[in-house]
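Order-wise, the sequence lines are chains D and X.
Final position of the first sequence in the UniProt record's numbering is 695; the numbers increase by one with none missing.
Final position of the second sequence in the UniProt record's numbering is 695; the numbers increase by one with none missing.
Hints are supplied without guarantee of correctness; some may be wrong.
The list treats identical chains as interchangeable, and a pair is accepted whether it falls inside one copy or across any two copies.
Within a straight-line C-alpha distance of at most 27 Å, the following computed DSS-like cross-link-like pairs (lysine-lysine) qualify [as the list claims (entries may be wrong)]:
{"#": "1", "residue 1": "K212", "residue 2": "K13"}
{"#": "2", "residue 1": "K332", "residue 2": "K212"}
{"#": "3", "residue 1": "K272", "residue 2": "K175"}
{"#": "4", "residue 1": "K623", "residue 2": "K66"}
{"#": "5", "residue 1": "K36", "residue 2": "K560"}
{"#": "6", "residue 1": "K95", "residue 2": "K52"}
{"#": "7", "residue 1": "K530", "residue 2": "K619"}
{"#": "8", "residue 1": "K536", "residue 2": "K623"}
{"#": "9", "residue 1": "K260", "residue 2": "K13"}
{"#": "10", "residue 1": "K25", "residue 2": "K472"}
{"#": "11", "residue 1": "K332", "residue 2": "K530"}
{"#": "12", "residue 1": "K52", "residue 2": "K560"}
{"#": "13", "residue 1": "K36", "residue 2": "K95"}
{"#": "14", "residue 1": "K58", "residue 2": "K95"}
{"#": "15", "residue 1": "K530", "residue 2": "K623"}
{"#": "16", "residue 1": "K536", "residue 2": "K332"}
{"#": "17", "residue 1": "K25", "residue 2": "K13"}
{"#": "18", "residue 1": "K52", "residue 2": "K13"}
{"#": "19", "residue 1": "K66", "residue 2": "K574"}
{"#": "20", "residue 1": "K619", "residue 2": "K536"}
These are computed hints drawn from the structure, not numbers from a lab.
There are 2 protein chains.
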Amino acid sequence: MAPPPPSWVQALKPAGPQGSELLQKERAQSNVPVDKLAELIHSKPVLERQQKIVSLFKSDPVFDKKQNYSMGRVERIQRALAKGKRLQQLAVQNKWSAEEYYAASDLIGEPTPYALHATMFLVTLREQGTPEQHKLFLQRAEKYEIVGCYAQTELGHGSNVRGLETTATWSPEDKTFIINSPSLTASKWWIGSLGRTANHAVVMAQLIIDGKPYGPHPFVVQIRDMETHQPLENVYVGDIGPKFGYNTMDNGFLLFNNYKIPHVNMLARFAKVDPATNKYLRPANPTLIYGTMTWVRSSIVLQAGSVLAKGVTIATRYCAVRRQFSDQDAPKNAGETQVLNYKMVQVRLLPLLAATYALHFTGRGMMALYEKNQARMKAPASADQEKRGPGPEALRAGADLLADLHATSCGLKALASTTAGEGLEVCRRACGGHGYSSYSGIGSWYADYLPTLTWEGDNYMLTQQVARYLLKSARAVLAGKAGDNDTSRILQSFLDRREKGASFDVLEVDEDIVAAFAWRTAYLTFEALKQRDVEKRSWNSLLVDFYRLSTAHSQYLVVKNFYDAVSSPDTAAKVDPQTITLLHKLFRLYALHTLEQQAADFFTSGAVTTRQITLTRNKAVMKLLDEIRPHAVSLVDAWKFPDWVLDSSLGREDGDVYRDLFHRASQENPVNDLIFDPYPWNQNVLKNGAARSKL
Amino acid sequence: MAPPPPSWVQALKPAGPQGSELLQKERAQSNVPVDKLAELIHSKPVLERQQKIVSLFKSDPVFDKKQNYSMGRVERIQRALAKGKRLQQLAVQNKWSAEEYYAASDLIGEPTPYALHATMFLVTLREQGTPEQHKLFLQRAEKYEIVGCYAQTELGHGSNVRGLETTATWSPEDKTFIINSPSLTASKWWIGSLGRTANHAVVMAQLIIDGKPYGPHPFVVQIRDMETHQPLENVYVGDIGPKFGYNTMDNGFLLFNNYKIPHVNMLARFAKVDPATNKYLRPANPTLIYGTMTWVRSSIVLQAGSVLAKGVTIATRYCAVRRQFSDQDAPKNAGETQVLNYKMVQVRLLPLLAATYALHFTGRGMMALYEKNQARMKAPASADQEKRGPGPEALRAGADLLADLHATSCGLKALASTTAGEGLEVCRRACGGHGYSSYSGIGSWYADYLPTLTWEGDNYMLTQQVARYLLKSARAVLAGKAGDNDTSRILQSFLDRREKGASFDVLEVDEDIVAAFAWRTAYLTFEALKQRDVEKRSWNSLLVDFYRLSTAHSQYLVVKNFYDAVSSPDTAAKVDPQTITLLHKLFRLYALHTLEQQAADFFTSGAVTTRQITLTRNKAVMKLLDEIRPHAVSLVDAWKFPDWVLDSSLGREDGDVYRDLFHRASQENPVNDLIFDPYPWNQNVLKNGAARSKL
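Could you put the whole structure together from the sequences, leaning on the hints where they help?
Pasting the structure below:
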């Protein structure tokens, strides 16, 4: 790389005050117990694990990040494969649990070509395979003899799984399935780990028996030779090309030409074809998969808080270091002020800081609820039911709660990932010009995160499921058959109080903020119900209202979960009362800022008055910004991202922003190894150091 | 590259109906005269020029785009330099005018390392140099003997030009300037064409004479050797590293160690140091530079419409080709519907389609106004004033209008570039999963466009200038000293009518829509004035209100310009009445959708009632979406982007989306030349084709 700069450059310091001094001052002025708060967020063992793994990575050249931002795709993906391999080696050497492996995977900071093998492929084999299939496929996959992926999406079909074109036709003669791609759009597409890495795939294909379709089912298909890694005959497979982000992953395509696989390759835990009778045997318990999706979406909510927190950490620290202009009302010759002091910067960053906590606690709340319900559904109702399993009431209540959880997880996945994706871009812009440098770190988090807004249910599509569920719940409530869950309760309570009006004191009483959000959900639900059931409007014409409704409901859920978390005895046991008070302020900032952004709906629903909206905007939010501002750096510190993970000059924990930017640009930037001939004529003359001939 | 796919793959077609059939149907169902409309947007000569240039590019391998999305930064920037050189060669060979050169530059679709030489460097030399300096620098720069850049921004200072740290100290002994970087943050940073290309820079530095600072001034500084292209002694220069986009440009850094330049190198058309007396001579006419900035910002508004139109073209065509699910209310077994038929897609795309036209006409309107005013300020008021130049009244009126234009150009630059930047991401997401593929084309337009939201005035900072101007105008109006410009008129008219109330018929009367937007601006202006002048609130605490005010005012300006354009006799002369009617619908969609998005402000200001807002949302916007939908493809066709320019599988004019995606992925994707060893142990065994040893 480049030679070190001359001594007169090395002698230069950034103009004072130094970033390190400014961050020290920030930390000194706040009484937030950063370590305690970090333990509340992550728990102590998780923090210790993180430290251990990161120090392993830092000492291993395979995980070096220096050239990540400059490399082309071919180099990047090869290095990512090396990281994936090293990770697996470390896992074996250190006897990591699955949880430790996933934590390490996450800390690498980029997807590797093994990512889909280690998650969806293994999970699907485990959950949908029979014991025989576990022996045949899962055990070898766990040893990385079989390397696999999960092939569902097709070139022409994403969200609409029922529309998949790939077929698996049962051949009674030789007891095989014939996997086939009838058209170009039937090509599997976007399949992670498929492009160059996998030698097997779980392929979702339309099962056909005796000419009759039975819908999509999973099949294990070998696609490449185990020795040469070349694609097998009648299989056409490859990488789908460069993407906006995620370029360390070999998302792939896959086509089959009447390709035969044995009967045992259809994953048969739930549905199967009886080879003796050639009959289809029905799935045993489809709700299990339903549950898995709920769990996956809950984990997306949790992860949304964390990825957004990376951007907020970087932007908050940098805005505390960066100074620009002096305050318009300040005396002449006042020094430049930290940009974090500007209300226009605060109003962009601090509600997002609040959102990181809000999403984190919401994700946690959902996962706890999910696990509690799973346990309840499995647990016997009483001792003498032990052999018979859970009683019918427990199952019914469990299913009811699961349906509620499923719908809310759809809406929350959409809201959380949109908040995180769009929030990261807000953070990047809040860093001004330097936010655009790759060394800011935010751009790559953003680019790699964006697929989350589309996968596991497109964020726009999902809102229809939420609306459908809310309409159904509202009909049940009106018919006096309200379910035993929170959604039904807020709808019922709106009906009970509608005549009297809302009159919530959102400016003073926290519970009333939660109630105002619930009121808006209920109002919009009954409005949408009227449009659909009374005015008989078409579903299509209501999609925009449904989107608004789902967003409103999901915002209510975040507000409620956040409120419950900061008010819980568990939180009170872990941090001091002052910190609890500050967390309540974050709650209010998240909630009131959202309320103000959505003012029209809140007003129209009668949840608040226009006077309250004006006061929220001009007084309450401004006051909260003032109160939270001194603790901003400590509140991002509590997320405890190691510098190695953020990989950001702007977000350095020590605030030495400008020296780091300068160092990377001048010393680690391969473009500075190039010597350009700048003249449009006489090209290449400079290459030999020869003098340029005159024009 | 990859071998062609096997014959069974080559035989596959996308599942029908084909994209080409769907787009043909779209075009057949619309009576929009696409070519006439294209001429209204671009003019016939511009369209012909575009065709000529693109066919030159297509036949020249230097401009080949196939590997753009996969290459690393080192390769990309080298190829971009080659493009820049070839462009200059073509300009000389074909005797291009400056306008033709810029058009060609724009059509390449990426910045080249010459971009700042060809624009800011030449312009600054031309506008701020004396005839002597033109001979010394400009003439050689025009021949590319001198290759330059414009070095203003520093590592520690962007928007705040007065805070620049680089100094140029007048040395009376030897009549030189000493250019110096007193700290690391004084390093010039982000300077386009500086990193590897330029051998000269116009450096903005704080002029110091006899210990006294005179503010930033421009100096021509040689930085690299003309023969070897190596940096000169006491100059430290290089590229600042990878960025979120714009990676074909060598944005650079630059530090000086007491580096001497001759007296003649200070650009001296407006301000200078008299070498005889060592005195500073004041600038002659600072408003000229003021005018240039206004012109640049107007061109950003125009360009915002065009770059957004690229994204809208791609997304609209793809959403007409892509089909997903059938309508919920459709009969069972109805085929899948084009996603462009979904209201949730329409409500995202069609208002942006309207915005492309709105921004285009607004940019045009501003530039016309600017040029008219420039002419008026130069023209003599009467024949006998010919020798004396324009009369004092013309100058005063001109200055008044220029101040208005300056403020509105700030606000419009911010609104237009934010609309385009955020709109491109909306377009990308409207393409579903495939939007994330680089082959969608939108991602790179987006990434390369984002700096526009920050440069030429950060979009958040600029809104303060707009608010300051509006407050000043409001004070003048209240004092009975209203200026002779549109801003003062709408403020006055609000005051005149305030008691009576608004009662605009925004649902039926187009003029009333414009009036409602004007009303909201005026209301928010007087509200902000009260907060500042009566309530004595701090400037900082009002920044958020100012942002809202500036946005509101800029939206009014777009609505007004759009309305004026579609109602003008010029437009009526160029397209038929049916098309005029359709353009009016686009106007209404842009305006009413904006109104609905900003409902709280419109309602609070009394410009509209809540009933009108509900009707706008539920009826008017929905109806407009229905009416514009059949013409969507034709309306984007009229932008006339050649496929070569869009470089998008999804946005192909012929609709052959899936075959193109598949072709690029399988045939043009360098990752498919890699053979992975997929096993975490026994690395590299596959490289020789050897069998893998068992674990």
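We went through each hint and held it up to the structure:
1. K212 <-> K13: between (75 Å within a copy, 24 Å between copies)
2. K332 <-> K212: between (83 Å within a copy, 18 Å between copies)
3. K272 <-> K175: Result: close within a single copy only, 13 Å intra versus 92 Å inter.
4. K623 <-> K66: The answer is neither: 42 Å in one copy and 54 Å across copies each exceed 27 Å.
5. K36 <-> K560: within (24 Å within a copy, 56 Å between copies)
6. K95 <-> K52: within (14 Å within a copy, 65 Å between copies)
7. K530 <-> K619: between (36 Å within a copy, 16 Å between copies)
8. K536 <-> K623: Cα proximity of K536 and K623: across copies only (17 Å, versus 46 Å in one copy).
9. K260 <-> K13: The answer is between: 22 Å across copies meets 27 Å, while 68 Å in one copy does not.
10. K25 <-> K472: neither (54 Å within a copy, 38 Å between copies)
11. K332 <-> K530: For K332 and K530, only the inter-copy Cα distance (25 Å) is at most 27 Å; the intra-copy one is 61 Å.
12. K52 <-> K560: Answer is neither: 35 Å inside a copy and 61 Å across each miss the 27 Å cutoff.
13. K36 <-> K95: Answer is neither; intra-copy 29 Å and inter-copy 71 Å both fail.
14. K58 <-> K95: within (19 Å within a copy, 57 Å between copies)
15. K530 <-> K623: Only across copies: K530 and K623 sit 20 Å apart there, 39 Å inside one copy, limit 27 Å.
16. K536 <-> K332: between (65 Å within a copy, 19 Å between copies)
17. K25 <-> K13: Within one copy, since 19 Å is at most 27 Å while 65 Å is not.
18. K52 <-> K13: Neither: 34 Å inside a chain and 52 Å across chains, both beyond 27 Å.
19. K66 <-> K574: So K66 and K574 fail the 27 Å test inside a copy (39 Å) and across (57 Å) alike.
20. K619 <-> K536: between (43 Å within a copy, 15 Å between copies)
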